[in-house]
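Student: Sequence:
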Amino acid sequence: MAQSLTHGEMTLPADWRDLFALTKPRVMSLVVFTALCGLLAAPGHVHPVLGFSSILAITLGAGASGALNQWYEAALDAKMKRTASRPLPAGRLAPQAALHFGVGLAAFSVFLMLFAANWQAAALLTISILFYVFVYTMWLKPRTPQNIVIGGAAGAFPPLIGWVAATGSIAPLPIMLFLLIFLWTPPHFWALALFVRSDYAAAGIPMMPVVAGEQSTRRQILFYALIMAAAAIAPWPLGYTGALYGWAATLLSALFLLLSVRVGLRQTDAGDTMQPEKRLFGYSVAYLFLIFTAVVIDHMWAL
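Each residue of the sequence shown is one higher than the one before, counting from 1 in our numbering.
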């Protein structure tokens, strides 16, 4: 159950910026971008208004997931330096207001998708929200170091939803894009977890570096980076994309692997600055933006 964390007995005044912060805008930007790429890479033509409305629905659904995540984890966020200034643990927003905001946003996003696109896309959007809130946030995250591995499915839905919003059906390419994000999630988040390990330990969250230690986490980062690279390149030899995407995916994944090798084979000491881990985390975000851009450009090049 989410706890009310306030300064004294009073919640400080909130404004629109606090509600916006609840939606996790940085995370949401990547979600929206991959969804847009899934929609643009789909065959056929989507009316611009309906396409915009579908992406708006995904945006609102992602924001709702972030808000409900912060509502449930308010007490945990208060224990971590990097999240203690969020609206709920800082006392700028009442937990009930965050809950109502998240639920309302989620419901509106699903109904908007239903009317703008089709019931299949609305169903997938519903599943993605419920998976993130109930399966990842409430069940997996506080219980197992595999939280990111299994929970990564929640963040992998957007390109699939975008494609289905445009076509009303599922095809091999969006499934492969889903798999790419699913496999990308562990090295991305574990790189972050390595240099904020003390935060997760303080909050009692069983992230991999806290439970299994640094060296095990590093080896698993390298393992997932290897199979992620294979999944990223696979659409090209299988004939679902052209050479433009294939070469882009190969080069981008090679750099990802290089950075992962530096993290995976590295020995650290107490005074280490974790620069390779920070570089991998930073590049992993750029990697996903660039590889999905390549999907769209390759599709448009083939038209």
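Be careful, since some hints might not be right.
[As the list claims (entries may be wrong)] Under the rule of at most 25 Å between Cα atoms (straight-line distance), these lysine to any residue pairs were calculated in the SDA-like manner: (1) K278 / F101; (2) K79 / L252; (3) K79 / V27; (4) K79 / L112.
[To be verified] Label-pair ranges, simulated between beta-carbon atoms: (5) Q267 / V49: 52 to 58 Å; (6) R262 / H100: 42 to 48 Å; (7) A302 / W139: 39 to 45 Å; (8) R143 / K81: 42 to 48 Å; (9) P43 / P237: 19 to 25 Å; (10) L303 / H100: 20 to 26 Å; (11) L303 / F52: 19 to 25 Å; (12) K278 / D15: 31 to 37 Å; (13) S169 / A84: 40 to 46 Å; (14) A212 / H100: 20 to 26 Å.
Simulated from the structure, these hints should not be mistaken for laboratory data.
From the three backbone atoms N, C-alpha and C, an ideal C-beta is built for every residue, glycine too.
Student: All hints, please: hold or fail.
Tutor: Structure-based check of each hint:
1. K278 / F101: violated (33 Å)
2. K79 / L252: With a Cα-Cα distance of about 36 Å, the restraint between K79 and L252 is violated, given a limit of 25 Å.
3. K79 / V27: holds (21 Å)
4. K79 / L112: violated (36 Å)
5. Q267 / V49: 52 to 58 Å: holds (56 Å)
6. R262 / H100: 42 to 48 Å: holds (46 Å)
7. A302 / W139: 39 to 45 Å: holds (42 Å)
8. R143 / K81: 42 to 48 Å: violated (23 Å)
9. P43 / P237: 19 to 25 Å: Since the Cβ atoms of P43 and P237 sit about 20 Å apart, the hinted range of 19 to 25 Å holds.
10. L303 / H100: 20 to 26 Å: violated (45 Å)
11. L303 / F52: 19 to 25 Å: This hint holds: roughly 21 Å between Cβ atoms.
12. K278 / D15: 31 to 37 Å: About 32 Å separates the Cβ atoms of K278 and D15, which means 31 to 37 Å holds.
13. S169 / A84: 40 to 46 Å: holds (45 Å)
14. A212 / H100: 20 to 26 Å: violated (38 Å)
When each numbered hint is compared with the structure, violations occur for hints 1, 2, 4, 8, 10, 14.
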